[in-house]
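There are 2 protein chains.
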Amino acid sequence: MAKINDNYLKLPGSYLFSTIAKKVAAYAEANPDKKDEIIRLGIGDVTRPLTPTIIAAMHKAVDEMADEATFRGYAPDLGYEFLRKAIADNDYKARGCEVEADEIFVSDGAKCDSGNIQEIFGTDNKIAVCDPVYPVYVDTNVMAGRAGTYDEKTGTWSDVIYMPCTAENGFAPELPEEKPDLIYLCFPNNPTGATITKDALQKWVDYANSNSCVIIYDAAYEAYISEDNVPHSIYECEGARKCAIELRSFSKNAGFTGVRLGFTVIPKDLTVEGTRLHALWARRHGTKYNGAPYIIQRAGEAVYSESGKAEIRGLVGYYMKNAAYILNGLKDAGFEVSGGVNAPYIWLKAPDGMSSWDFFDYLLNKVQIVGTPGSGFGPSGETYFRLTAFGSYENTVRAVDRLKGL
Amino acid sequence: MAKINDNYLKLPGSYLFSTIAKKVAAYAEANPDKKDEIIRLGIGDVTRPLTPTIIAAMHKAVDEMADEATFRGYAPDLGYEFLRKAIADNDYKARGCEVEADEIFVSDGAKCDSGNIQEIFGTDNKIAVCDPVYPVYVDTNVMAGRAGTYDEKTGTWSDVIYMPCTAENGFAPELPEEKPDLIYLCFPNNPTGATITKDALQKWVDYANSNSCVIIYDAAYEAYISEDNVPHSIYECEGARKCAIELRSFSKNAGFTGVRLGFTVIPKDLTVEGTRLHALWARRHGTKYNGAPYIIQRAGEAVYSESGKAEIRGLVGYYMKNAAYILNGLKDAGFEVSGGVNAPYIWLKAPDGMSSWDFFDYLLNKVQIVGTPGSGFGPSGETYFRLTAFGSYENTVRAVDRLKGL
Numbered sequence: 002m003a004k005i006n007d008n009y010l011k012l013p014g015s016y017l018f019s020t021i022a023k024k025v026a027a028y029a030e031a032n033p034d035k036k037d038e039i040i041r042l043g044i045g046d047v048t049r050p051l052t053p054t055i056i057a058a059m060h061k062a063v064d065e066m067a068d069e070a071t072f073r074g075y076a077p078d079l080g081y082e083f084l085r086k087a088i089a090d091n092d093y094k095a096r097g098c099e100v101e102a103d104e105i106f107v108s109d110g111a112k113c114d115s116g117n118i119q120e121i122f123g124t125d126n127k128i129a130v131c132d133p134v135y136p137v138y139v140d141t142n143v144m145a146g147r148a149g150t151y152d153e154k155t156g157t158w159s160d161v162i163y164m165p166c167t168a169e170n171g172f173a174p175e176l177p178e179e180k181p182d183l184i185y186l187c188f189p190n191n192p193t194g195a196t197i198t199k200d201a202l203q204k205w206v207d208y209a210n211s212n213s214c215v216i217i218y219d220a221a222y223e224a225y226i227s228e229d230n231v232p233h234s235i236y237e238c239e240g241a242r243k244c245a246i247e248l249r250s251f252s253k254n255a256g257f258t259g260v261r262l263g264f265t266v267i268p269k270d271l272t273v274e275g276t277r278l279h280a281l282w283a284r285r286h287g288t289k290y291n292g293a294p295y296i297i298q299r300a301g302e303a304v305y306s307e308s309g310k311a312e313i314r315g316l317v318g319y320y321m322k323n324a325a326y327i328l329n330g331l332k333d334a335g336f337e338v339s340g341g342v343n344a345p346y347i348w349l350k351a352p353d354g355m356s357s358w359d360f361f362d363y364l365l366n367k368v369q370i371v372g373t374p375g376s377g378f379g380p381s382g383e384t385y386f387r388l389t390a391f392g393s394y395e396n397t398v399r400a401v402d403r404l405k406g407l
Numbered sequence: 002m003a004k005i006n007d008n009y010l011k012l013p014g015s016y017l018f019s020t021i022a023k024k025v026a027a028y029a030e031a032n033p034d035k036k037d038e039i040i041r042l043g044i045g046d047v048t049r050p051l052t053p054t055i056i057a058a059m060h061k062a063v064d065e066m067a068d069e070a071t072f073r074g075y076a077p078d079l080g081y082e083f084l085r086k087a088i089a090d091n092d093y094k095a096r097g098c099e100v101e102a103d104e105i106f107v108s109d110g111a112k113c114d115s116g117n118i119q120e121i122f123g124t125d126n127k128i129a130v131c132d133p134v135y136p137v138y139v140d141t142n143v144m145a146g147r148a149g150t151y152d153e154k155t156g157t158w159s160d161v162i163y164m165p166c167t168a169e170n171g172f173a174p175e176l177p178e179e180k181p182d183l184i185y186l187c188f189p190n191n192p193t194g195a196t197i198t199k200d201a202l203q204k205w206v207d208y209a210n211s212n213s214c215v216i217i218y219d220a221a222y223e224a225y226i227s228e229d230n231v232p233h234s235i236y237e238c239e240g241a242r243k244c245a246i247e248l249r250s251f252s253k254n255a256g257f258t259g260v261r262l263g264f265t266v267i268p269k270d271l272t273v274e275g276t277r278l279h280a281l282w283a284r285r286h287g288t289k290y291n292g293a294p295y296i297i298q299r300a301g302e303a304v305y306s307e308s309g310k311a312e313i314r315g316l317v318g319y320y321m322k323n324a325a326y327i328l329n330g331l332k333d334a335g336f337e338v339s340g341g342v343n344a345p346y347i348w349l350k351a352p353d354g355m356s357s358w359d360f361f362d363y364l365l366n367k368v369q370i371v372g373t374p375g376s377g378f379g380p381s382g383e384t385y386f387r388l389t390a391f392g393s394y395e396n397t398v399r400a401v402d403r404l405k406g407l
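So the protein lines, in turn, are chains A and B. In case it helps, this note's numbering puts the first sequence at residues 2 to 407. In case it helps, this note's numbering puts the second sequence at residues 2 to 407.
Hints listed in this document are in silico derivations from the structure and should not be mistaken for laboratory results. Where hints are given, some of them may not hold.
In this list, chains with the same sequence are indistinguishable; a pair is considered to hold if it fits within one copy or across any two.
Calculated pairs, DSSO-like style, for lysine-lysine (alpha carbon to alpha carbon, straight line, at most 30 Å) [to be verified]:
id : residue 1 : residue 2
1  : 269       : 204
2  : 180       : 204
3  : 11        : 23
4  : 86        : 24
5  : 4         : 243
6  : 36        : 86
7  : 154       : 180
8  : 4         : 204
9  : 94        : 243
10 : 269       : 23
11 : 11        : 269
Because the structure is a prediction, the values reported are computed rather than measured.
Generate the whole structure from the sequences, applying the supplied hints.
What follows is the structure, given as structure tokens:
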């Protein structure tokens, strides 16, 4: 008799962004006159079109697929060399980080990688996560049976170590008291938009090396860093090659949310119990994955061309102008607000002691603005709210005007 | 202290096709004068370019991504409605199968789906597989800790039920004596190219329903069926909606091995321990996956247009001409050979009692032909060898001529 994976049944409710989508759809149906007024600053989805260099690269690759002489079948499991080399050269070597092309695993996005990476670790590992946190880290560990039981009152899992990120510590976690095995870190942070200095990150690397922990470092938002002394990669820290996996995405720098491309770095120096994690992830990729589409990998390569880089800077600049507009507008209006300087996320305290979901409903009903309730990211997110800079400039201005008028 | 998933260490050697690739590369390096003579009929990778209708659809979709008004960000987790509806109408309703668009989960390929599907089942399920079998089914269950221990002598896992497919039973398995929980079936079969009649498949569906088993039915090669009375979908059988998941691919009908598109069908009638598997897979998709690229889903839609369908028939016809050429040529040359009528695979008995890997080395060294050793697919594959019809016609003719001259 077949048995289900009953860890799935422990998950409370549906995936956060599915819940939001359903609530917005229900509101739009109940209020058809307001439907067109809705401004979505909730899910972190981009709105700007792909840039000319990337479009040209994709057209070229499509044409190659039409010709027997240039047609490509299965891609190499770990990604085409042309893309892996462009990544190693531009994202790492140009910054003085020692990462080789064959330590890069190309994938269809950082969400998939951040969900799948836990598979190469035993179910008896204890994870530590920032609180609030991107839900995928926790949910995928729940599915694997690593999280224990859920306490509805506190919104926490019995076997997960939570590291609170609060206004008091500048939304950067302290080293945990209880020793974890795997540590998920994300900087610039989703959802708070906070960052970490290089010195502070070095402390995490040293801690991981001293305690034989592995850090899973999500750097999906590194392109948004505008300040010096904020590391773009964990490999800027000494010793990180021995303890850290890094996840990257093309979604937020190049607008690839609907294109799907990302990568994971696993240095060959990183061993656990005498086994190279590189070998385990290569085996997973080879067995369960068949490579990112050729056309998409060529689009990724174009991101690193001179014209591609210039266009991407323009794209990021566009969203960062939105971020600054939201940040300053809300500050002026008297909101308690942070983030938005090195990240496309603005982290907002709900006024008058409102809960996150109450504020969500309030904004949707009162000014037709969709944001993301902070409590959806963890208990320390309660009473907070995330807005994103990924809308159009015009919508962003309209949204801030509405918020100011509340 | 971090711990690895030590199930990975139980896996013997590397993934079958990686091993073959390494052997061929080593041969090419050691024999530079023979390098250009190598004909690859090993891995099931297509060689024909994409057809005009699909190319046009992709160019159009690329252009849409360049325009703010038509740009698409995140796709719906489960796939765009336009594609899911085209699949439901053409692959199912047109054949009288009751499958709705919202029972279809679009993905980046059947390899990923067939590797990931086991996740929604508990680790205490016992799987049954055909022997020989596509290695992904077994390897992914090993990684999840469901396979027990490996016996090098027999090449089998202690907790897996093997269902031998031999010349004696026409390479179609008998119902297992020991009761499994999950049953993997693949028809038309990879690697043997064998098929199953509708009546025979109905027996499996009845067996699964009587014993509360779930059938994972891999129909990636259904487009190659040329004979009547061979079911294209398991949902042609009565009661299959209550016990069967079906996996499909665009790789082998439309030449999408480097494009990456597939889908999984989970009927809403299919419950295990009172839970709909549809809900569990939806949760997995929503949490660990971010949808197939918009451009690729438009390419998939084009496969179902009138011109797309005609082109795909031409593509399949091209490869089936190869299959017939191999099958008949090898028969003429006195080989014991089967498959190739409803599948792009030809299953060949190595001559003179040679082992599969000895025959692999013999063919590579003697006539520079790369095939796949049958023993790589399981113990009953020993002394067999798989050739594929996916080469060019010219290379296929050259290969058969060489094999005839052995």
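- [ ] Sort out which numbered hints this structure fails and list those numbers smallest first.
- [x] As far as the earlier hints go, not one is violated by this structure.
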